[in-house]
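J.: Below are the chains, spelled out letter by letter.
Number of protein chains: 4
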Amino acid sequence: MIPRYARPEMMAIWDAQTRFRIWFEIEAHAADALAELGVIPAEAARTIWDKAGDAVFDVARIDAIEAETRHDVIAFLTHLAEIVGPEARFVHQGMTSSDVLDTCLAVQLSRASDLLIAGVDRVLAALATRAHEHKHSVRIGRSHGIHAEPTTFGVSLAGFHAEFQRARARLVAAKAEIATCAISGAVGTFAQIDPRVEAHVAAKMGLSVEPVSTQVIPRDRHAAFFCALAVVASSIERLATEIRHMQRTEVLEAEEYFSPGQKGSSAMPHKRNPVLTENLTGLARLVRSAAIPALENVALWHERDISHSSVERGIGPDATIHLDFALHRLAGVVEKLLIYPERMKANLDLLGGLHNSQRVLLALTQAGASREDAYKMVQANAMAVWSLPSPRPATALLDRLLADSQVSTLLSPDHIRTLFDDSHHFAQVDTIFARVFG
Amino acid sequence: MIPRYARPEMMAIWDAQTRFRIWFEIEAHAADALAELGVIPAEAARTIWDKAGDAVFDVARIDAIEAETRHDVIAFLTHLAEIVGPEARFVHQGMTSSDVLDTCLAVQLSRASDLLIAGVDRVLAALATRAHEHKHSVRIGRSHGIHAEPTTFGVSLAGFHAEFQRARARLVAAKAEIATCAISGAVGTFAQIDPRVEAHVAAKMGLSVEPVSTQVIPRDRHAAFFCALAVVASSIERLATEIRHMQRTEVLEAEEYFSPGQKGSSAMPHKRNPVLTENLTGLARLVRSAAIPALENVALWHERDISHSSVERGIGPDATIHLDFALHRLAGVVEKLLIYPERMKANLDLLGGLHNSQRVLLALTQAGASREDAYKMVQANAMAVWSLPSPRPATALLDRLLADSQVSTLLSPDHIRTLFDDSHHFAQVDTIFARVFG
Amino acid sequence: MIPRYARPEMMAIWDAQTRFRIWFEIEAHAADALAELGVIPAEAARTIWDKAGDAVFDVARIDAIEAETRHDVIAFLTHLAEIVGPEARFVHQGMTSSDVLDTCLAVQLSRASDLLIAGVDRVLAALATRAHEHKHSVRIGRSHGIHAEPTTFGVSLAGFHAEFQRARARLVAAKAEIATCAISGAVGTFAQIDPRVEAHVAAKMGLSVEPVSTQVIPRDRHAAFFCALAVVASSIERLATEIRHMQRTEVLEAEEYFSPGQKGSSAMPHKRNPVLTENLTGLARLVRSAAIPALENVALWHERDISHSSVERGIGPDATIHLDFALHRLAGVVEKLLIYPERMKANLDLLGGLHNSQRVLLALTQAGASREDAYKMVQANAMAVWSLPSPRPATALLDRLLADSQVSTLLSPDHIRTLFDDSHHFAQVDTIFARVFG
Amino acid sequence: MIPRYARPEMMAIWDAQTRFRIWFEIEAHAADALAELGVIPAEAARTIWDKAGDAVFDVARIDAIEAETRHDVIAFLTHLAEIVGPEARFVHQGMTSSDVLDTCLAVQLSRASDLLIAGVDRVLAALATRAHEHKHSVRIGRSHGIHAEPTTFGVSLAGFHAEFQRARARLVAAKAEIATCAISGAVGTFAQIDPRVEAHVAAKMGLSVEPVSTQVIPRDRHAAFFCALAVVASSIERLATEIRHMQRTEVLEAEEYFSPGQKGSSAMPHKRNPVLTENLTGLARLVRSAAIPALENVALWHERDISHSSVERGIGPDATIHLDFALHRLAGVVEKLLIYPERMKANLDLLGGLHNSQRVLLALTQAGASREDAYKMVQANAMAVWSLPSPRPATALLDRLLADSQVSTLLSPDHIRTLFDDSHHFAQVDTIFARVFG
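As you go down the protein sequences, you meet chains A, B, C and D in turn.
Under UniProt numbering, the residue at position 69 of the first sequence is numbered 69, and the numbers go up by one with no gaps.
Under UniProt numbering, the residue at position 88 of the second sequence is numbered 88, and the numbers go up by one with no gaps.
Under UniProt numbering, the residue at position 145 of the third sequence is numbered 145, and the numbers go up by one with no gaps.
Under UniProt numbering, the residue at position 92 of the fourth sequence is numbered 92, and the numbers go up by one with no gaps.
Bound conformation, chain A alone (with noise of 0.2 Å):
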């Protein structure tokens, strides 16, 4: 986990207080169930929310015995007994470590699955704003990073809107997937433990009960946690990769904002660079690197193994803190960008009226002409636009199809002109928006 990309409300869920705490209340929430059950003394139960329920772990002390029994669980179980006394034997009966560990991981993911859908809730919300600002914003439309035909830069924010609305789903149920509660015993048998236990402790905990877990948790959730979390990441890499091109120095459409003092380069005190988007990009590829582990993972030998434990340390902090903090920076990345609705315009012209190439390519076999011989009219007239210096005339190609014997053959001058009215492209922007934002 990198530092500066990390935001505290996320670091929180992954430090060891709150993994202690979590830990903790599954245990005393598990006494509860078991005292009612009438296993353990209620008493037991009682004393055991009353000595720890305000208790601050002491990370230390755990780790130091840790470092005896090599076990984790059992290193904090003591811990809990040398707060909470006699009645600490009451704890943890029937249950295993996985028990523990696998629904504190749940009830972590969750809480840091509420994080990440907050984080797209600002991304949607920023895209949502400036899409409507520059919904009549006209610049050309690129496939294969040349010139097609015009769009708004309001369509292109009300589909990122789309793809970020598909991440929130994708997360929602990356929660739901993850969210069990396991308190079945060694290998899954609840052998030494009443189901009932692992209900409520599920309900407290605000998860729901894993059908069938074995010692633990069944890895295929975290694999489709993390791979969610990737596709997400990849959206991010998807817009900040538009931004980076919108800023390249020749285009420069858009700029992410600057601020006073900021520096672009040691070197060069010109410089303003896109640096938050392609910080962006990065980190699209450190969450993405979580997926492979996470799916790795899955096949765990028979009721268990613990190879998975090692790999969600890490992964777990890192592909949540990492894409919590990506899905904020975007987030600022929007709201602040400077957009140049001017320059758009000036880019759109560069080539000479090439963008309505297609509207004379149909109007011509519209008008009779088949569509191989139509195609080579108007390619023939566009190649010579191309080969004209940039930026070409903004008539270039209206000019050249004016004089094309052929093509007035079948086309009007008026006809022809009608075609270079750019408005008939944007007559469905309000029927995009509505799709997108009802």
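Source of the hints: derived by calculation from the structure; they are not laboratory data.
Hints are all accurate, no fakes.
No copy is singled out in the list; a pair is fine if it fits within one copy or between any two copies.
Below 30 Å or equal to it, Euclidean Cα-Cα: the simulated DSSO-like pairs (lysine-lysine) are:
no., residue 1, residue 2
1, K135, K336
2, K51, K376
3, K345, K376
4, K376, K336
5, K175, K204
6, K51, K204
7, K345, K135
It should be emphasised that the depicted structure is a prediction, and the values quoted were computed from it without experimental measurement.
The hints should help you fit chains B, C and D onto chain A, whose structure is shown.
T.: Just chains B, C and D now, kept in the frame of chain A:
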């Protein structure tokens, strides 16, 4: 794509003729909608269906045209024009290649999803049958590869059943992710084509409408799809690994069916190897390897670049074909698995009753010992039993405990004996089955 | 494997006939060595060569036998016995299938390496030619996509040349990693076969001897091999990305060759897209995707399991075929790349001389300003130039500096003017070329 | 980075103070070279060393400056100027941040490589010791997890030794890949800095000169580095997996050392689990996960973008620290591994002599049977032995063969008996050891 790991049903989805047939249907349905809207003549739309509705497309001819135009959709349209005649100029009006390509891919992946779901259903059926057959086949649960406590093989299979129920749900969700239709033109603005055409084609092809396409359907959908396949593949790997472990010579609780005439090794005539499940392990790696390139495909430039195309030409068929094959191979393995309950019983006893150590621990705490002290008492006796040569006498731990003066002060001999009644471990088998099978 | 991204030379390495031919040679050479050692009759060894030395193997027949035996090597040996007759019983004496399979794979990967190295050599030749052609074609260097300082396109290509020199060295090393022969029997102990057989076969097949095989050649070698391919693929992606950026409409400093008859879009006749380099970007993702499954193949169980086999049936051909194709496609792109030095010059001037900001900064510090103060002076002027509409006057920064009273106190007008002499930037071009081309 | 899987020596390489120290040395050595060239005053260079040569940098102060400038190197230089005074304006003359950052990373990765190589050396030493100890500890070789033919545990360890020799060579090569120095200015043209400065700094920092840097050292080098680490991690996983298999309750041929006071399970006091090797399996997944983002880092835009930076802030420390830890953990496991030759012997006999099936097969072919017929004869008897309950009588196969009339016509009873002399399997153990240990 490796032909030996492919079923014809899935391969058919990806062959050239199927692809051209889907392309044709998209174009012909679009023509119907365009005719309905009055954009093209109704006769033209009819002629397209009449002339080419039953055509077998000439793949070699299309390839030859593509060699010149370097564009696959144009090559197809040119060939289609050869079949349809002059009305062909009304085909593809206002559409762009990706409208055809991406909608076709959506159809192919949808159909592939259906086959995959059917494959999972076969696995589920096989697991259900064998789980009920072996609901009470006692075997030792193993954590870390080391004997833990008893379970039944039916419970293990029920756990896999629950996992493949999740696999099914993931595939259903994955299908929904990619089953969208885009007929939105060169940059997704519907500049030359009415959105009602898209709605019509979507309905006819069994897809929903893509809310915002750029030129392409956004690739976060496909990334989510291939990640879902990767998770399913990992679940296959887990079950395959379980069977491989069970077949180890020293364990031998189950064996893949070994057919008459089969040979296990070119060198060693005695060999019977779990080659099918090992193969599934490898196939899982292959299917998983599609996840990263699918994720890398998300961040296309601007309205699209075509870098995703070669990736999808590879992983589209490969991941679906191999996962489909793997599901059926897995189902076959489970259906025919040779299961040896008597060996399960023999293995259970190898450790001289150590699998009841927890029960003794709990009884001691219930009898007043601290968890720490109880642990030490049981561990000391258990370690002594470990040090006996294998197989240990079935009552090795019981005998030692009965002779342990510290234990005796807390537990009566009869009480100790009841702790070694294994039936206790299976009290919740019905509960677990009810959770899984309803 | 995607046929459209495959060259026949590389495909031939992976076809069934080639594989059986290599299997035969391994067996026949082994028989020679066994005869020399007196283990089998000399006539037997001769007969094997005489009867099958020129045989075309009947792939369908071998497949049919495998359908029964479920073992590919046994199927081949059975077919070979049909050709060779009774002496066939002396074939494969003391060998195990992996001796044949793994040594064959080593031969195939070695041959594939040779083709890949030849592909890199073609790329190197193309880069060298174009680098020298454009050694002095000035263009702006860009960091973060933003103009930085000038360089020449030749220098850029020289950098890629250096990278592909490393690619070549990696492939040479990768070949050495996998070019080993194992003829060591069922568990690598040479229990039934003399190590001298292995030495003989290795020498004949152009391989070195594997120091310790288990039943198989250890898979860390193959993992290293596929990782090397992944790195080379990533270098291809970097060069492809460079060209895609250069071809962007707003930049247009270079273009992929666009052939007569080529069509860029089914919808928009004006399009000329960098489809080859976009395709290379995708192919790079595909080749890279072999790395993880190859790494997952390393930890085979004990003396071997066969999980690696299906993986290698996929990634073996796929990664080598697609990388081979990609190298030749890349070489073709570089060889025919349309390069526009005048556009490079035009782009260089877009920022009104900001690319000399560092030179002014350094001159100010040399003249006594602190780095901090100098930075602020230059940055203030640079930001003012940024705010001008593009394209900015070529002397925009120079003019402002000449008018800046703070700057004037430290630098004379003439001194300032010399800082805008671009030739300074190219003083070390020869040095760089000498480093790369010797 | 997970602190519990980290050794202080490796962590120290990555702490802030070390990084700033290396930055300082690069700047100070560069200043020496600049002074030698007359670019800056000799006193300035001396002052830099005098004032800051022994400085402990104030990390919090640097962080505070970075919070404003948003640039880490500028923040450091500003702090350095606070220490050095006015002469600080001669620091960083003509350099760019990446000159410092990338050269520093090269130093860090070089030092990390040295530690990793030392870790491999410890593993090699442990393997050599245990291999010689158990050179003649007979155990069954297993393919597919099924008994194959005998080998010795020493031979197995020798194979791992050979693999870690390759691991060592890969790390040496990986170090050479990344141990380069770039001091080439903003776009790698040495526009404001003489190449001799680079040569001087390289020599002082123990690096070679990067032939062509852009602004950065090309990232194919780092991709190759992290791929090499991934391969080494996979070799660790293979050895860890071997030990995990050996420790399985049913196999129990070896066990991780279990310390007094250690507890294997919070629930089951009898447990002794191979937790260290399971942990190594997980760590291998983590280290491997650095490979893909490192590969994705290669295709930076033009002269550089900064997307690689966040990735490397993660994987740089994480992959090196965890691999370093894993190597030492592995070495410790091997050094203290409890090895049970008597269990190896007992397991060998489980299959009633089936491990000599190949020897019988070969003898039959030598006696005139076709390979096909011989195979059938042995297979029939072998399958009958398989069907006996385990453990089978040690002479089960021998007895059946002696009683087989078909076999008897080809082989005498005495001949058959010699085929069951296991010593034959170990004839080449010395050869194998000589190959590995010289």
